[in-house]
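Asker: Letter by letter, the chains look like this.
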Amino acid sequence: MVNRVTERTLMTAFTNSVGRLRRQQAEAQAVLSSQKRLLEPSDDPIGAAQSTRLRGESRELGAYRDSVGVGTAALGAQDAILGEIHDMLIRAREIASSLSGGLSTPEARRTAAEEVAEIERGMVALGNTTVAGRYIFGGLSTSGPAFTSPDDPGFTPGTAYTGSTTPFSVRTARDESVRITTSGGAVFGSSLQAIDDLRQTLAAGNDPVGSMDPLQAASEDIRQERASVGGRLNRLQSRDREIGNAITTAKTLLSHVEDADLTETITQLAQVQNALQATLTAGNSLLHTTILDYLRL
Amino acid sequence: MAIFAPLSIGRLALLANERAIGVTGHNIANVNTKGFSRQEAVLSATRPDSSGFGTGVQLSTVVRSVDGFLDARQLASTSSLGGATTGRQLLDRLQAYFPVGDQGVGNALAEFFAAANDVANNPQDLAARNQLLEVGTSLAGQLRNAAGGIQQLQREADQRLGQSAFDANAVLQNLAQLNREIVAADRAGRETNDLRDQRQVALGELANHLSIQVVEGDSGSINVYAASGQGLLIGTDAVTLKTELDPAHLGLDGNPLSRIGIAARDGSVISLSGEVGGTIGTLLDLRDGTLVDNAAALDLLASNLRDGINAVQTNPAGRDLNGAVGLDFFSGAGAADLRVAIADPHGIAAGQGTDPADNTNALALADVAQQSFPGLGGATLTGYFGTIQATIGQQARGADESVTIQENVSSALAAQREAVSGVSLDEEFTDLIRYQRGFQAAAQLINVSNTLLDDLLGLVS
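Sequence lines, in order, name chains A and U.
Anchor point for the first sequence: position 187 equals 187 in the numbering used here, and the numbering is continuous, going up by one each time.
Anchor point for the second sequence: position 461 equals 1461 in the numbering used here, and the numbering is continuous, going up by one each time.
Treat the hints as calculated values from the structure; they're not laboratory data.
Check each hint, because a few of them may be wrong.
[Claimed, not checked] To give an idea of the chain U side of the interface with chain A (calculated C-beta under 8 Å), a few residues: (1) Gln1095; (2) Ala1110; (3) Asn1117; (4) Gln1124; (5) Asp1253; (6) Pro1356; (7) Thr1382; (8) Gly1386; (9) Ala1414.
Just so it is clear, CB atoms sit at the ideal spot from N, CA and C, and this is done for glycine as well.
Please model the entire structure based on the sequences and the hints provided.
Answerer: Below is the structure:
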């Protein structure tokens, strides 16, 4: 502290104090209006880098969640359809069973062949189901139907599948992908073949007893595939919850890095305002008091 | 003792007090003059007469209250504050190109890879592909914007050098003139206090531009040297600071930058060497160091992004929607000219093999986000950008802290100088009364002497 204080010293100290307090007031105001303590990198350089990383991670998790959404929709649809296919195979077995043996007439079998043909058409239609324009049993392609129609000339179950055979996976974590397609050819192949054989057997008026085992085997194929779809669906659903938790964690951390402590800031603002008021009052009194008020020259 | 002696003493006292009141008045008048140093009338007794009796008072000199060491410290502080303030101004603007929150390059990177993931989820969807091209364009735009901002700041720093040299030359000429006047006044026995104050103010202005060393000679003139020892002002001979474009020193925008130095007689420029200090020193440091380093870091990020994405996009196994191997996604040599090179969304190589529904390559594209780049010291793209952001934030924060520290130092020195050299009106008014009383007493003395003379003359008559 200097021992000789001039008017200018007082004036400068006053101006500097008011300037500093006004700056603090403006800073507190900016924090309060934005509710952020991190407004530019220099506010907290390491925090700025953390903020960028956490925001990147948050967005990345959001992208994984989108992928999980796509996967859940596709696998959910597949699960429902495989259930229906399974029901169709049971119905076909019932028909085959009821028309087996000597009690059934060739006419009754030929009539039943029509119903089986409908089942076959229905099965192909289910195989060509789309979600958002994508064939869910056609490798999620939009290029064209996965199966040709049984009404097309030259239709054979073995060549009916024309969809994509490439497995389609979605990224659900940095090191995890989940396959969300099932090749229609592989899954439906045995079912279509068994149904088509049954239709032809019945159409020829023959005993369909030979179709029972293939229908049973096809049912087993569908059941196994459905178990696989269900397993992957469960994984996606559980991954969705994990992502939700991770996003919450990232947002909490981000808030910790970026957000202002409003109570603290409001207290600081009140302190600054008090100090400013005191400085202005003191300045008013000090700067207006000179020896001239007391001297008569 | 002669009868006229009191009359003479009274006359001298009148004169001395009158001149002292003049000095006080000068102080009062200059209470708000920048750089003015309080002056003090030094009264001393005149030589005694042959009998040893006192003969009165005289104003022997008017001294200027200064502390030479404090002045030197203030010049050094002015240089530091000038440099720090310039640094803060430019770095504050630099960090604005690297914002935190939902904007800037960091955010654009996150959006880009999220869009790549969308393409992986929907490889045949043209909307998702278009979105990837759009966010890629936005990312490249953000990088160009940041690089362009650094280029502009570098060009501005270069132009400011020219302005600083111009201003410093005016100050040097002023100093040379003041040196001339001080030497002349000194020789003529005149007071040089006010001229010296003006010279000190001019030195402060020069110190704002660059660090200086001041050496005062016996004649009263000063020599001024740059921190490197290069002479800037020798007596009345001031050098000219000059900037000229140096074709060998190209800026980030590809155009030549200036070389600042002392103009030689043959018209060439002798560069300022070593630590220059002040505004010029900071401008040189920023222009040739900080900004270049940050631009290089941004270029490194851009080129690694370009190469990382292009490597996946042009993978020979990859196929675009037309069944062809992909072409480069990004083009450009660095951040300043980074652009998305493909316009057709079909051109994104999302798959591998002949199946258009395949998303293998798009997954690899999205995976670049997690890729560790040897060229970036093993960091990911986002991680490296965070490092750039933290570095620039630290530089801006450091500059801000420097300004605060130098402001405090400068304030403390100013208060100390004010304690030595400042005009206190309280003191001056007290002095005014003191000298007024002295003047009144001297007048009274003359009055008494006059009465004595009258009495004496009355006896004679």
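Asker: Work down the list of hints and note, for each, if the structure agrees.
Answerer: Quick rundown of the hints versus the structure:
| no. | hint | in the structure |
| --- | --- | --- |
| 1 | Gln1095 | holds, 5 Å |
| 2 | Ala1110 | holds, 4 Å |
| 3 | Asn1117 | holds, 4 Å |
| 4 | Gln1124 | holds, 5 Å |
| 5 | Asp1253 | violated, 24 Å |
| 6 | Pro1356 | holds, 6 Å |
| 7 | Thr1382 | holds, 4 Å |
| 8 | Gly1386 | holds, 3 Å |
| 9 | Ala1414 | holds, 7 Å |
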